[in-house]
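Engineer: Chain residues, written in single-letter form:
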Amino acid sequence: MTIEELEQIASETRAKREAGTRELNVCMAAGCLALRSDALKGALDEEVKRSGTSCHVRGVGCMGLCSLGPLVADEPGGVLYRNVTAEHAAELVASPQSEATKKLLCSRDQAFFRRQTNVVLENSGKIDPEKIEEYIAADGYKALVHALGEKSPNEIVQEVSKSGLRGRGGAGYPTGLKWGTVAKSTGVTKYVICNADEGDPGAFMDRSVLESDPHRVLEGMIIAGFAVGASRGYIYVRAEYPLAVKRLGIAIREARKLGFLGSQICNTKFHFDVELRIGGGAFVCGEETALIASIEGRRGMPRPRPPYPAQSGLWDMPTLINNVESFACVPAILRRGGEWFAEIGTKKSKGTKVFALTGKVRNVGLIEVPMGMTLRQIIFEIGGGVPEGHRFKAVQTGGPSGGCIPEQFLDLPVDYESLKEVGSIMGSGGMIVMDDSACMVNVARYFMEFCMSESCGKCIPCRSGTAQMYDLLTRITEGSATPHDLEMLEELCDMVANASLCGLGQSAPNPVISTLRYFHEEYIEHIEQKLCRAGICECGPRLEVAV
Amino acid sequence: MRRHGFSRDALIETLHTVQESFGYLDKPALRFVADSLRVPLSQAYGVATFYHFFTMKPPGVHTCLICMGTACYIKGAGTLLNEAEAALGIHAGETSADGQASLITARCIGSCSVAPAVVLDGAMVGNMEAPPLRRKLEGWKPS
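Protein chains in written order, with numbering that gives the first Met the number 0: chain A, 0 to 546; chain B, 0 to 142.
These are calculated hints, taken from the structure and not from any lab test. Certain hints may be false.
In the DSBU-like style, the derived pairs of lysine-lysine whose C-alpha atoms are separated by at most 30 Å in a straight line are [claimed, not checked]:
id	chain 1	residue 1	chain 2	residue 2
1	B	Lys56	A	Lys457
2	A	Lys256	A	Lys150
3	B	Lys26	A	Lys457
4	A	Lys245	B	Lys56
Using the sequences and the hints given, assemble the complete structure.
Structural biologist: Have a look at this one:
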C-alpha cells in the first residue's frame, strides 16, 4: 500500500458518499443496541426498500448521548433524532419535516455537543466500524503509511514524547518515555499489548471506542510496533464485550487484506501481526503483569515490579503495554503533530480525555473534553446536572481504585495531578455522579466488596485486609459498629495501601479514605445514632410509615 | 486447540471454546483439555476457577444476569437482585432445583447508559424496574 493507493481508496469512498444521496445513520453501539437500534435499522432498511426512496441506511458507532438513544443522524445536514423506535421508520424515511418527526429532533447546538473536543472520538458515530474504506476515507491509516515511508522509529517516539501523551489507563505514565524504554531494550522478539480489559464498573469508554472505531486502535498499535521494533501484538479484551470482540475481529481481517498487517507492510521490511485474546472476567487482569500472565494462559496474578514489562514482559521479552485510548490518540498525534496535541489541555496533562458520564445526571453518555475542564462544567453543563428534586452529593472517578469527590471541589480542573490531590485518581475515565439518595458508607462498602472478591489472593495484605475492611464496613452499615471499629478501619486503610503487591490492593482503600475524609459525619451518624440519612442502610430500628 | 497449535498458552482460549459449545466446563472436559495441551490438571482447574467467566455447573434453561456495576448499583440494581431472588427462590450464582432458571450477577457489562441493566436469556434490557422483572421471571416457571 502506497500513499497514492490509500488516497485513491479514500477519494473513491468519499465520492460514493458525496453523490448527494440522503443517509440515515443509526447508532449501532452497545447503548443504543440495548434499546433495540438493530430492530430500528431493520425497519428503516425495509421502509426504504418498500417506498423506493433514494436513501442509504448505515450503521455507525456511538454518538455519545446514550441516554436519549436510539439516535439517528440525517445526513447531509447533520439533523439528529433521539429516542427513535421502529414505529417511526416510515415517517423518518418519508418526510423529515413532518410534525411527527419534529418531536424527535435533538438539537446539536446544546452544551453536551458544543463543549466537547473530539480527538479519539472524531470518527465515532460518523463511520461504519465494520468497513475499513470508511476509516480510510476519514484519513485513516494515513499516519501509518506516512510514518513507515518517511520516519524513523526514533522520530516517531520523539513525536509521541513531544505530544505529552500520558497513559490513559489511569496511572498517567508518559507514553513517549515508555515507548523509548521498549525501543532501547533488547530481545529476540518484542511485543505490543493493547489493554482492553476495561474492568472498572461504570466505565465503558474503551468498549465504545472499540465498537465505534476499531481501526483507530489497530493503527495506533501498528505504529507503536514499528516505533519499538515489535513484530507481534495482542489485544486483550473482556469476554463481556462480545460486540467489541466481533468488530475487532473484522477490523483485523480487513487490515490484513489491505496489507496493513502481516509481512512487508506498505512495501517495507516491517512485519507485524495482531491477535485477539479474550479475558476471563477478572478485574486484576487490568494490572499489566497480571494481564501478561493471563495471555500466557495462566491465572492472572501480578508479580512484583521491577523488572517492568518494558524490559521483561510477555514470555520474558520486552513488551509495550498501553491502554485502548492511548493507542487511539496516536494516529491523530502523528497526522497533526505532537505540538498540536500538546496545545490542548493543561501544563502537565496534555490532550483530551474520554469520560463515561453516568449515574444521577441528566445526559448520560460518552464525552471527550480537553484536560483541565472543571468538574462543574462536565457535570452541570455537558451533563445537564442532577435530575430535579435531588441535590448533587459527590462524583466518583477512577472506579474501585478512585475516590468520591464532594461538592466543594466542583471547580477543580480535571487532570492527573489535581484528582490525586483530592484523594481520587483519573482512572480509565468512569465518572459516576451521585445525589443525596446515595449513602456514602454504603458506596464505600460496595467498592470494598468489589475489591475483596476481585483480589487475586496472592499477597496477604490485600487478600485479608480487604475482607476485614468489608466486615467492618458491613458492621457500620448494619448499625452494630463501635467507635473503635472506625479507628481500626482507618488503620487498615493505611496498612492495605502500603503493604499490597499491586495496584489493586494499593488503591483498594481509596474509596474508604476519600469518604472518611469528606463524609466523616455520615460514618459517625451510622455508628452513634444508628442513622442513615439516605435511608439505604438498615442500621437502626426501622421507622414504620403508616399508610 | 488445533487453531492454536496445541500451544500451552492457549489454555484460556480453549476453555472459552469448550464453554461456548457445552455451556459449562465439567471435569471430563477439563481433564481432556489438560491432557491435550500437556498442562497439569491442577493448572487447568486453577485457571477455570480463577476467572469468573468460567462456570463448572450446567446453567439453567433460562438465565437472568443482573449488572451490579456502579452506575446500575446507584440506580437500584440491589432492589432488582432482591426481587429476582424472591421471584426465582434462589440466590445469585445458583440454578433452581428444576434446572429452569439461573441467576447470575456481573461486575459491569458496560451498558451504564441504560442503568440498571439486566440480560435475560442473552438479550439486554435497559432501564429495568422491579415489577416488570418479576413478571418476566415468573413467566419462566413451568406452568
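Engineer: All the hints need checking, so say for each whether the structure fits it.
Structural biologist: Going down the list of hints, with the structure as the test:
As the CA atoms of Lys56(B) and Lys457(A) are separated by approximately 26 Å, the hinted pair is consistent with the 30 Å bound. With a CA separation close to 24 Å, the supplied pair Lys256(A) and Lys150(A) stays within the 30 Å bound. Pair hint Lys26(B) plus Lys457(A) holds up; C-alpha atoms about 25 Å apart against a cutoff of 30 Å. At roughly 27 Å between alpha-carbon atoms, Lys245(A) and Lys56(B) fall within 30 Å of each other, so this suggested pair holds.
Hint check: no violations occur; every hint is consistent with the structure.
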